[in-house]
Amino acid sequence: MAKTRTRAQKVDRYEEAKKVYDDIQQKKRDEKIKRQEEIKKKAESMQKYNQSKKKMQKALMKRNKKGQPNLGAQIEVMLEKMQKKVGEGK
Numbered sequence: 001m002a003k004t005r006t007r008a009q010k011v012d013r014y015e016e017a018k019k020v021y022d023d024i025q026q027k028k029r030d031e032k033i034k035r036q037e038e039i040k041k042k043a044e045s046m047q048k049y050n051q052s053k054k055k056m057q058k059a060l061m062k063r064n065k066k067g068q069p070n071l072g073a074q075i076e077v078m079l080e081k082m083q084k085k086v087g088e089g090k
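Take the UniProt record's numbering: the final residue in the sequence shown is number 90, and no numbers are missing along the way.
Be aware that one or more of the hints could be misleading.
Taking lysine-lysine pairs in the PhoX-like style, the calculated list, with each CA pair at most 25 Å apart, reads [said to hold, decoys possible]:
| # | residue 1 | residue 2 |
| --- | --- | --- |
| 1 | Lys-53 | Lys-32 |
| 2 | Lys-28 | Lys-42 |
| 3 | Lys-40 | Lys-53 |
None of these hints come from the bench; they were simulated from the model.
Predicted, not measured: the structure shown is a model, and the values here were computed from it.
With the sequences and hints as input, model every part of the structure.
As structure tokens, this is what we get:
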């Protein structure tokens, strides 16, 4: 009787340890997925920021026939910035 009881206890200990190990591995997988999603979001936001910055720079660099800065384009850039700030305030 004593031998079967110890065997059952050993099996239970093994199952307990396996369950703890599986839980730890699952948490690691979840954290890895979460980190990957954060990295992806950050990359997307950086791409969006760089696109808008490039667009603004292109508008500011516009010149007329004589090489003077195109004031209409500069005003458009300022207008977009003001609209963006007003939109964020709401």
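Assess, step by step, whether the Cα of Lys-28 is no farther than 25 Å from the Cα of Lys-42, and give holds or violated. Judged against 25 Å, a Cα distance of about 21 Å means the pair holds.
Between Lys-53 and Lys-32, does the CA-CA distance stay at or below 25 Å? 31 Å, violated
Pairwise hint evaluation, Lys-53 against Lys-40, where the allowed Cα distance is 25 Å at most: 20 Å, holds
Checked against the numbered hints above, the structure breaks only hint 1 and satisfies the rest.
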